[in-house]
Structures are given as structure tokens and as C-alpha cells.
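**Student:** In case you want the letters, here they are:
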Amino acid sequence: MINTTASTQRISGTLTEATHCLHCGEELTPSNRIFSEGNYFCCSGCSTVYDLLNTLGLQDFYKIKQEQNIDKIGRPIDPESVEEYGYLDQENFANQYTSLEFPERMNFYIEGIHCGACLWLIERISNYSPNIKSVALDMSTNVATVEFDEEKVFSSFPGLVKRFGYKAYPIKLDEEAQELKKKESRKSLIRISVAAVCAGNIMLLSAAIYSGAEGVFAEQFGLLNLLLSLPVVTYCTWPFYKSVASSIRAKRVTVDIPIVFVILVGFLLSSYNFLNGNDQVYFDSVTAFVFLLLASRYFLKSIQDRISNKEPASRSLFNQNKILIWDNQNKQFFLEPIDNLRPGQRVKVNSGDRIPIDGKLLTERADLNLSVLTGENIPQTLIKNDSIYAGSILNSDQAIIEVLRTGNSTRIGKLLDEVERNYRSKISNSTYSDKFATIFTLAVGITALISFATISTLLDPSAALNRVMAFVLIACPCAFVFALPLTFGLSLNRAVEKGILVKSSKIFEKLPQIKNIFFDKTGTLTNGVYKILKWNTNILSEYDKAAILAIEKKSSHPIARAIVSHLSDLKLTLPELTDFKHNYTKGIEAKVGHHFYEILSDKNIHHTNEVNEIITTKTVIKKDGQKISELFLGDSLKDDAKYVVNLLQDNGYRVHVLSGDNENNVKSAAHKLGISDNCINWSKSPEEKAQIIQNYQETLMVGDGLNDAAAFSSSDVGVSVQGSVEESLKVSDSYLLNNNLFNIVDLLEYGSITKNSITRNTRFSLIYNIAAGTLALLGYINPLMAAVLMPLSSVLLIGSSLYGYNKLNVRRESS
Amino acid sequence: MNIIFLTLGISIAMALVFLAAFIWATKKGQYDDLTTPSERMLLDDYEIKETKKDEKEEKAI
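These protein sequence lines map, in sequence, to chains A and B. Counting in my numbering, the first sequence runs without a single skipped number right up to 815 at its last residue. Counting in my numbering, the second sequence runs without a single skipped number right up to 61 at its last residue.
These aren't lab readings, by the way, just hints derived from the structure by calculation. For each residue, glycine too, the CB sits at the ideal point set by N, CA and C. Treat the hints with care, as some may be off.
[Said to hold, decoys possible] Computed from the model, here is a short list of chain B residues facing chain A with C-beta under 7 Å:
1) Ile23
2) Thr26
3) Tyr31
4) Asp33
All chains, please: the whole structure from these sequences, using the hints.
**Tutor:** Encoded structure:
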């Protein structure tokens with residue numbers, strides 16, 4: 001019945017039912033494949049959602065997915081894993097999430113929205129609950145606005161959504177800020193439309209004048225032109241006046257200065273000429289220019305908004321959004337959004353969770369991994385009343401913590417906030433583009449003055465004015481000034497999305513030159529965790545296992561820890577120990593009942609052929625002098641290490657390993673990754689690492705935090721994958737929040753896109769501005785043409801900046 | 001030729017009418033979300049298939 005060969009293969013990029021999960025499109029392997037009512041799924045979650053959609057008559061979901069060419073969607077969440085939403089219906093809670101104006105409306109952020117099919121599904125949910133009146137989803141933010149009926153059963157929506165495989169949680173929108181932004185955007189649209197209407201009509205009237213209207217017509221048309229220009233140069237241009245005023249106050253040269261200059265001179269001169277019966281008028285050029293300028297700025301703004309609207313960096317660290325909060329009234333813990341936390345409240349954290357707040361431990365003791373803060377990977381034991389910092393991971397069972405600080409006021413929150421603010425501010429006034437623009441703008445101004453003087457002596461002042469106006473319009477480097485920060489912004493944004501923190505956008509300029517990539521081994525290529533790789537426990541009796549566990553629980557040696565974590569799932573009852581003895585060089589021994597146990601480490605190192613394992617220690621267990629079992633312990637390579645290293649090598653990078661570990665371990669790891677012998681360096685001190693890197697040029701070092709600080713500083717780009725964020729970002733250029741090696745490939749890719757985009761834009765604007773500027777001065781381009789060409793070139797450059805990223809998206813989707 | 005002033009008046013009046021319509025639409029928020037409606041209209045043709053009413057209720061809640 002099961003065709004294993006077909007199920008693991010993907011046939012020429014198309015989907016066949018047997019190879020991919022019918023619901024989510026996940027590739028099926030024999031191990032993850034389940035068969036249900038004639039269809040194959042990757043998990044019971046997918047199968048359940050599939051059945052549900054079919055029962056409810058929503059099978060068109062799959063048709064939409066197919067028609068939109070969506071191969072793969074995220075796996076549905078397990079409804080069992082989602083807590084009950086009953087708390088949503090409590091009045092005091094609901095009041096915080098609804099407004100007085102719309103007490104029956106609540107906004108939810110929905111996780112797992114991928115495509116139009118999801119939109120369709122979510123918006124049809126109101127058909128299945130009598131309590132939900134309507135749902136409107138905004139796909140750009142994944143926020144659904146849900147209208148409920150008078151009963152206000154707010155929990156009905158997330159409860160239904162979770163059965164379809166999505167997770168919804170209520171959010172409080174910052175309505176004031178949002179409203180302000182909306183108003184701003186609407187205002188600009190209205191400005192654009194007013195400018196368009198005026199410019200269009202002026203254009204028509206000017207056509208009549210140009211084609212020879214005379215006498216009363218010319219006079220009346222001209223007057224109409226003047227009147228129609230008035231709202232354009234006042235109302236529509238207002239934001240530019242404000243920006244120029246503030247840049248003059250700050251004594252900065254910006255591109256808005258020549259723009260405002262041209263608009264004002266053009267309008268005043270035209271009015272003067274018209275009133276004096278002279279036909280040198282530029283109402284058409286000025287208004288068309290304002291319209292196109294506003295339109296291109298609006299376009300730019302909407303792109304920038306989409307970039308900056310993303311979640312802050314600290315979000316990618318704390319991927320959970322809810323936490324158990326103690327409710328004094330009901331005397332129990334309720335799951336509530338983290339945003340609701342107030343200092344003084346008590347929260348419960350489960351094992352493996354990253355703690356999202358700074359606080360005080362209320363449980364007797366807890367083991368915490370503080371690596372994000374301290375860089376130390378070994379868990380630390382804290383006792384009651386100790387301070388706990390956000391970012392640490394709970395290793396022991398459960399802990400109750402009193403909240404002291406939340407969100408951005410926690411230690412780590414402040415830090416991430418600062419890092420982010422730092423590089424965000426660096427995009428907005430990137431020094432490179434600033435300098436370039438200032439020089440360019442000044443050059444344009446000076447050239448304009450000189451040309452005006454020359455041409456008016458050679459020809460006549462009115463021709464000179466014509467040409468100089470066209471020149472200033474065309475040659476001011478607006479396009480470049482907008483496109484460059486946009487490029488950096490896009491790169492940074494993609495990086496943060498992937499959990500890559502970047503200290504400064506400068507690294508995007510350095511990344512494309514990289515040729516040699518150095519990896520630290522322990523903790524970078526490997527997981528850096530000492531664990532049992534091979535141990536046949538089946539041959540041991542329950543009694544022996546219990547004895548071993550009891551003995552190892554007494555020790556804090558890494559081997560003992562590994563054994564304890566391996567056996568603790570078995571729920572053994574621990575026997576009494578006598579004669580416990582710790583021998584640091586050899587091992588430990590103890591008596592259990594009448595039997596004498598020894599657990600000894602064997603110094604001889606053995607290596608296996610297992611793909612990801614590096615065996616470093618063998619441990620032998622003896623009972624009454626007889627060997628009863630042996631186990632192998634060691635570190636293992638990260639799952640994606642081999643893939644990433646090979647990918648980098650295929651792309652022409654030379655990959656090196658730099659490690660302080662011994663020859664055997666380093667070589668074994670490197671060979672498994674396919675790194676050639678002359679690129680392997682073992683037993684190196686931090687100083688030696690730095691020296692080796694200096695022997696190469698165009699280097700990127702990937703390591704873990706402080707330990708590799710020297711190596712980072714001698715390499716061109718340093719990326720830390722582990723250790724504390726604070727320390728790491730002091731010594732390296734970038735920090736990978738998710739400890740995911742593939743992010744290195746992403747980072748390099750963003751670098752090359754940024755670089756390409758900048759080169760393309762700089763070249764284009766130089767050539768364009770000089771060529772068109774010259775033509776304008778020679779009189780081949782009149783002001784009207786210039787007014788149209790300038791904003792067009794801006795749009796072209798913005799498009800060019802976006803182009804590289806769109807290509808990236810397309811490639812990602814197809815691969 | 002005075003007819004020109006009439007047509008001119010009408011054309012500008014029409015432009016103002018359209019401008020007013022546009023401003024009204026903007027203020028009503030019709031241009032606030034430009035992403036989702038474009039997706040949504042493609043999905044109008046898909047329907048919820050008929051299932052028995054009671055089964056639906058029972059399954060859903």
C-alpha cells in the first residue's frame with residue numbers, strides 16, 4: 001500500500017498527492033506520513049483540519065490554494081496546545097480590548113496567515129458561529145477586526161480559528177497613533193488629487209494658449225491658470241515649505257531647498273510676467289511638477305511605512321505572546337498576553353520557556369540558562385528572591401516570578417531597543433547618501449548660477465531662466481537621496497525579520513567582498529551541549545537504571561548531567577545510596593543495596609560515522625567489577641551545519657574551521673562537513689585565532705560572543721551566534737538571535753543585493769543627472785519636460801531598489 | 001466664441017465634482033487598506049458548499 005520511493009521524491013517540481021501532505025504541502029517521508037480516508041497527511045493536525053473543512057463545506061480552500069500556486073503553507077497548530085480563551089469573556093479583560101465607541105468589536109492578531117486561501121477561510125468564519133457578525137482581515141498586518149453580537153462572546157472567534165489551524169490573540173491597537181497615521185496618509189492623497197485636478201486643467205488651458213489663443217481668451221485663460229495654480233503652490237506644497245524651514249533652522253542642505261526654490265520662482269515669475277502682459281509663464285510646469293513630486297513621495301512613504309511597520313526586534317526573541325498570570329480574584333493562573341503584564345503581578349513560567357520579564361523568583365529554586373545575558377551556556381541555579389532577567393531560559397520544572405519590569409524596560413528589552421533605534425537612525429541619515437546629496441545639491445546650485453549668468457549674457461535673460469529652471473529640476477539628486485536609505489532599510493528589515501540583529505548598516509557594504517568564512521566549532525557549528533549519543537539502555541535492568549540515576553544525581557559533572565537528563569523521563573524510584581565517592585579524574589562510585597557500582601570515563605576517544613555526531617568521551621558502567629554497559633557522550637553538529645557549509649562552498653566561499661578544541665574532535669567535525677584539511681585549525685587560543693584570520697583578506701568570522709572577540713575584531717565582518725547580545729554586539733557586527741546558521745547565507749545575500757542596488761542607483765543617477773542636466777542647459781529640455789522627468793526618475797530608482805528584493809522573494813518561493 | 005467660457009466653466013465644475021468625490025472617498029477610508037480588497041475580490045467566486053444545517057452547527061460549536 002505504501003510506496004516509499006515515490007513518497008520521498010518530488011517529481012519535477014509538481015505536487016502529487018502521495019509525496020506531499022494534502023493540507024499543508026509538507027514533503028512526506030515514510031516516518032511522518034499518515035494515511036486517513038484515502039489521503040496522505042504529514043500529521044494528524046493536517047488531517048483533522050482537512051476533515052473539518054470538508055465537513056463544513058469549505059473545501060474550496062484547497063482550490064484557491066492551488067489556483068494561487070501556493071505549494072506549502074504552515075502546519076496547523078495543535079488545538080490541544082492552545083489554552084482556553086475563556087478569560088476573553090470576563091468583563092474587565094474585554095474592556096481593555098474594546099473601545100467605548102465599539103464595545104462589540106475586538107481586534108485579533110492571527111498567526112499562520114499565508115495567502116488568499118487563508119483570507120477566504122478566516123472571513124467565512126462568521127458563518128459558523130451565531131456570536132460572530134463579521135470578520136475583516138487586513139493581510140498586510142495580519143490583524144482581523146471582528147464584530148460580535150450583543151452577547152459579546154469574544155472567545156468564540158479564537159476558539160473557532162484554532163480549529164482551522166491558526167492561532168489568534170487579541171491585540172490592543174495603538175489607536176491614536178494609527179488614527180494619526182491614517183489622517184496623514186489621507187491628507188497626502190487629497191493633496192495629490194487637488195494638484196492633479198489643477199495641473200490637468202492648467203495643462204488644457206495652456207494648450208489653448210500655446211496653440212495661439214489671443215486677446216480676451218489668452219487673458220482669461222491666463223487668469224484661470226493663475227487662480228488654479230494658487231491652491232497648488234499653497235495647500236499642496238505646504239509640507240515642502242515646512243521641511244525647508246526646518247532644514248534651514250538646522251543649517252542643513254537638503255534636496256527640498258532647490259525644489260521649493262524652483263516652485264516659488266516659477267510661480268512668482270509667471271504671475272509677474274502674466275500681470276505685465278508678458279507670455280513667459282510656467283504655471284503648467286510648476287503644477288505638473290508639484291503633482292508628480294507629491295505622487296512619487298507618497299509612493300515612497302507607503303513603501304517606507306510597510307518597512308517600518310514590522311514588529312520590533314525584541315519580538316523575535318520572545319516568540320511566545322502569552323503568559324500565565326495570577327489572578328487574585330479567581331485564585332488561579334490565567335493565560336494572558338504579555339503586553340498586559342504590570343509590575344507586581346505574578347507569573348508562572350514553564351520549563352523551556354524564555355522568560356519575558358525582569359523579576360524576582362518566588363519559587364524555592366530554579367535552574368536558568370542565562371546565555372543571552374552572560375554568554376555562559378551552563379544553567380545556573382537561583383534561589384528564592386534572586387533577580388531574574390528577561391531573556392533567560394528556564395531549565396527546571398516551573399517557576400513563579402514576581403514581575404518587576406516588562407517589555408522595553410527590561411534589561412534585554414532596553415538593550416534591543418537601543419540597538420534597533422541605533423541602526424534605524426543610521427538608515428534615515430546614512431552618512432554616505434547625506435554627503436553625496438549635499439555635495440550634489442550644492443554643485444547643482446552653483447552650476448545653475450554660473451549658467452544663468454553665462455546664458456543671459458550670450459542669449460537673453462528669459463531663455464537663461466527657462467534653461468536654468470529645467471536644469472535645476474532635472475539635476476537635483478532627489479531620486480538618489482530617496483533610493484539609498486530605502487535600500488538599507490529593506491536590507492535591515494529583512495534581517496530583523498529573520499532574527500538577525502545588525503549593529504550598523506555599514507556591514508551590508510562589506511559583506512559582498514567576503515571570500516573567506518571562518519567558523520568556530522563548539523557552539524557555532526555544533527550545539528555546544530554535551531549529551532549522550534549512544535547508549536543501549538535496553539540491556540540494563542530497571543534496578544540498575546535506578547541505581548545509576550541515583551548515583552549520577554549526586555554529581556554535577558557534565559557527564560552526570562547528561563545521564564540524569566537521559567534517564568529522568570523513565571520515572572524510576574530511587575534507591576538509597578551508601579559509600580558515595582567522587583573521584584574527579586576517574587569517575588564516581590557508590591553502593592546500592594549489596595551491589596557496588598562504578599561509573600568511569602574512558603580516555604580513549606572513538607569516532608562514529610553518524611552524520612552529525614562527534615564522540616568525545618566513552619563512559620563505562622561497572623557493577624561489582626563487571627562491565628554492564630558503556631555509553632558514548634559528545635557534542636553534535638547542528639542540523640543545518642552541513643547544508644550551510646556546503647551551500648557556502650558551492651557559492652565560491654572558502655570555509656575554514658577555527659577551534660580551541662583538540663585535533664581529533666575538530667578534524668572529525670570538519671570532515672563530516674566536507675571542509676578540506678588545509679582549512680582546519682585546531683588547538684588555537686583566541687589570540688592565535690585572530691592571527692590566522694589576519695593572514696587572509698575579506699574575512700567573515702562566525703563565532704560565539706566574547707570568547708571570539710579577538711577573532712571578530714581582526715575579521716572584516718564578525719557574526720556571533722551565541723553568547724550575550726550585549727557583549728556580542730560590542731565585539732561583533734551582527735548577532736543571530738535564533739542561533740540559526742542559515743542566517744549567514746541570508747546575511748551574505750542581503751549584502752550582495754544592497755551593494756548591487758547602491759551601485760546601480762549611483763551610476764544611474766550620475767549618468768542621468770549629468771546627461772539630462774547638460775541637455776537642459778543647452779536648451780533641448782524645456783521646464784515642462786523637466787518637471788515630468790524628475791519625479792519619474794525617482795520612481796525608477798525606487799523601483800530599482802525594490803527590484804532586487806522582489807527577485808529574492810521569487811527565488812525563495814520557487815526553491 | 002463665448003460658448004468657450006460656458007464649456008470651460010462646465011469642465012472645471014466637473015473636475016471639482018470628481019475632486020470632491022475623491023476627497024469624500026479618501027475621508028471615508030476607502031484607500032486605507034489596498035492589499036486585502038484586491039485579494040478578497042478574487043475569492044468571491046468560491047462558496048461554502050451546502051451541508052446539513054444541524055451538522056454544521058454541531059461540528060462548529
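**Student:** None of the hints should be skipped; say for each whether it holds.
**Tutor:** Consistency of the hints with the structure:
1. Against a cut-off of 7 Å between C-beta atoms, the interface hint on B:Ile23 holds, since the closest Cβ of chain A lies about 5 Å away.
2. This hint holds: B:Thr26 has a C-beta 5 Å from the nearest C-beta of chain A, less than the 7 Å allowed.
3. The closest approach between the C-beta of B:Tyr31 and any C-beta of chain A is roughly 6 Å, which is under the 7 Å cut-off, so the hint is satisfied.
4. The restraint placing B:Asp33 at the interface with chain A holds, with a minimum CB-CB distance near 5 Å, inside the 7 Å limit.
Every hint, counting from the list given before, is met by this structure.
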